[in-house]
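For the record, the sequence lines run as chains R and X. The working numbering puts the first residue of the first sequence at 150, with every later residue one more than the last. The working numbering puts the first residue of the second sequence at 150, with every later residue one more than the last.
Don't read these hints as lab results, they were simulated from the structure. Treat the hints with caution; some may be incorrect.
Since the list gives no way to pick out one identical chain from another, each pair is judged satisfied if it fits inside one copy or across any two copies.
List time: in silico BS3-like cross-link candidates among lysine-lysine, alpha-carbon distance up to 30 Å [unchecked claim]: (1) K329 with K152; (2) K172 with K246; (3) K152 with K320; (4) K208 with K320; (5) K297 with K152; (6) K297 with K246; (7) K333 with K208; (8) K152 with K301; (9) K225 with K152; (10) K236 with K297; (11) K333 with K152; (12) K246 with K301; (13) K152 with K208; (14) K333 with K297; (15) K246 with K329; (16) K225 with K333; (17) K297 with K329; (18) K320 with K236; (19) K208 with K329.
Number of protein chains: 2
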Amino acid sequence: MAKRGMLIVLSGPSGVGKGTVRKALFDEPDVDFEYSTSMTTREPRDGEVNGVDYYFVSKEQFEENIRNGEMLEYAKYVDNYYGTPLKYVNETLDSGKDVFLEIEVNGAMQVRANCPDAVFVFLTPPDLMELKNRLIGRGTDEMDVINKRIEKAVSEIRMMRNYDYAVLNDKVENAVERIKDIIKSERLRVSRVMPDYELMLGDK
Amino acid sequence: MAKRGMLIVLSGPSGVGKGTVRKALFDEPDVDFEYSTSMTTREPRDGEVNGVDYYFVSKEQFEENIRNGEMLEYAKYVDNYYGTPLKYVNETLDSGKDVFLEIEVNGAMQVRANCPDAVFVFLTPPDLMELKNRLIGRGTDEMDVINKRIEKAVSEIRMMRNYDYAVLNDKVENAVERIKDIIKSERLRVSRVMPDYELMLGDK
Numbered sequence: 150m151a152k153r154g155m156l157i158v159l160s161g162p163s164g165v166g167k168g169t170v171r172k173a174l175f176d177e178p179d180v181d182f183e184y185s186t187s188m189t190t191r192e193p194r195d196g197e198v199n200g201v202d203y204y205f206v207s208k209e210q211f212e213e214n215i216r217n218g219e220m221l222e223y224a225k226y227v228d229n230y231y232g233t234p235l236k237y238v239n240e241t242l243d244s245g246k247d248v249f250l251e252i253e254v255n256g257a258m259q260v261r262a263n264c265p266d267a268v269f270v271f272l273t274p275p276d277l278m279e280l281k282n283r284l285i286g287r288g289t290d291e292m293d294v295i296n297k298r299i300e301k302a303v304s305e306i307r308m309m310r311n312y313d314y315a316v317l318n319d320k321v322e323n324a325v326e327r328i329k330d331i332i333k334s335e336r337l338r339v340s341r342v343m344p345d346y347e348l349m350l351g352d353k
Numbered sequence: 150m151a152k153r154g155m156l157i158v159l160s161g162p163s164g165v166g167k168g169t170v171r172k173a174l175f176d177e178p179d180v181d182f183e184y185s186t187s188m189t190t191r192e193p194r195d196g197e198v199n200g201v202d203y204y205f206v207s208k209e210q211f212e213e214n215i216r217n218g219e220m221l222e223y224a225k226y227v228d229n230y231y232g233t234p235l236k237y238v239n240e241t242l243d244s245g246k247d248v249f250l251e252i253e254v255n256g257a258m259q260v261r262a263n264c265p266d267a268v269f270v271f272l273t274p275p276d277l278m279e280l281k282n283r284l285i286g287r288g289t290d291e292m293d294v295i296n297k298r299i300e301k302a303v304s305e306i307r308m309m310r311n312y313d314y315a316v317l318n319d320k321v322e323n324a325v326e327r328i329k330d331i332i333k334s335e336r337l338r339v340s341r342v343m344p345d346y347e348l349m350l351g352d353k
């Protein structure tokens with residue numbers, strides 16, 4: 150049996166640039182992840198291809214998948230479902246290939262519950278780091294606007310607690326390099342390589 | 150107060166090449182770790198400098214250090230003590246600098262008990278036969294000594310379970326790159342960067 154692949158989950162606040170970073174990462178010549186295509190009940194937009202951009206299914210089909218435990222994670226936004234079919238992820242991991250998921254924070258927490266040995270990366274906006282200085286430096290915002298922004302930042306940081314790594318998205322190429330470092334390093338985790346070594350010790 | 154530095158512990162079976170890898174790592178221009186010099190009661194060999202290769206102390210002094218809780222880890226080999234003075238490590242970490250320890254497996258487990266947030270890297274030989282060849286190649290040991298070391302290596306590899314990462318020492322430059330990947334990736338750990346984010350918003 151092949152060694153099970155690694156599951157990487159990239160998530161982060163809305164608007165942080167998850168899709169852009171994921172695409173840039175997949176363009177790297179030395180990155181070889183299987184990308185898990187999401188399933189949705191929303192209508193395809195112009196140019197979107199079924200099975201590439203999304204699997205487009207009916208609401209009835211999606212709800213049946215949920216009932217049958219066939220979704221690794223899912224969420225409902227504006228009356229439409231979005232989620233990750235479990236079967237493709239499991240089959241790919243079982244074949245020894247690594248899988249990459251780029252999903253929203255609620256979905257990531259569902260994956261964390263189902264796959265504790267996945268690697269969870271939280272993409273943080275640069276303005277989260279610079280937020281306070283910018284707000285003070287600018288000196289133009291009303292206090293309630295400042296407070297709302299700080300509040301949002303605080304709740305985003307609280308979400309970060311449940312992840313393994315925080316990757317600052319100051320520049321797309323920097324974020325990609327950081328994720329590549331994480332991937333290389335995670336491949337060396339004792340919990341992942343121990344089966345290989347046990348095999349070696351077994352027939353010494 | 151500066152953010153506390155990161156403690157990296159490199160260990161592995163005798164003869165795996167810990168010292169060579171550590172020296173090559175420290176020669177890298179972009180690696181900036183403080184190296185913690187070990188303390189020993191053995192006699193200095195030709196060319197060895199006190200405070201550089203080791204702190205050379207008397208057996209009485211070393212045992213007093215143990216009694217006073219001043220050793221982060223220590224062990225006795227062939228009637229001599231070897232260990233890491235606690236004070237230097239703590240002061241360096243408190244000043245925000247990162248510390249690198251290259252120590253034997255028993256010592257590493259003592260550090261694990263004292264510093265659970267340290268990063269533990271286990272250097273592994275390409276395979277056990279390779280380890281045997283290296284020991285024979287060194288030409289300084291009798292065959293029964295070599296066999297005992299092999300047996301010890303098997304049990305040491307079992308100890309790998311207690312480490313975070315396994316780094317294969319197939320080539321020194323590969324092992325160095327792997328350790329550099331681990332260091333870069335560990336700097337992105339949520340548990341390490343969370344204090345920065347909390348500090349940033351804490352005094353809003």
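Hints, one by one, checked against the model:
| no. | hint | result |
| --- | --- | --- |
| 1 | K329 with K152 | both (21 Å within a copy, 25 Å between copies) |
| 2 | K172 with K246 | within (19 Å within a copy, 35 Å between copies) |
| 3 | K152 with K320 | between (34 Å within a copy, 24 Å between copies) |
| 4 | K208 with K320 | neither (37 Å within a copy, 55 Å between copies) |
| 5 | K297 with K152 | between (44 Å within a copy, 28 Å between copies) |
| 6 | K297 with K246 | neither (39 Å within a copy, 36 Å between copies) |
| 7 | K333 with K208 | neither (39 Å within a copy, 44 Å between copies) |
| 8 | K152 with K301 | between (39 Å within a copy, 25 Å between copies) |
| 9 | K225 with K152 | neither (34 Å within a copy, 39 Å between copies) |
| 10 | K236 with K297 | neither (35 Å within a copy, 45 Å between copies) |
| 11 | K333 with K152 | both (16 Å within a copy, 26 Å between copies) |
| 12 | K246 with K301 | neither (34 Å within a copy, 32 Å between copies) |
| 13 | K152 with K208 | neither (36 Å within a copy, 49 Å between copies) |
| 14 | K333 with K297 | neither (37 Å within a copy, 34 Å between copies) |
| 15 | K246 with K329 | both (16 Å within a copy, 25 Å between copies) |
| 16 | K225 with K333 | neither (34 Å within a copy, 36 Å between copies) |
| 17 | K297 with K329 | neither (32 Å within a copy, 40 Å between copies) |
| 18 | K320 with K236 | neither (34 Å within a copy, 39 Å between copies) |
| 19 | K208 with K329 | neither (36 Å within a copy, 48 Å between copies) |
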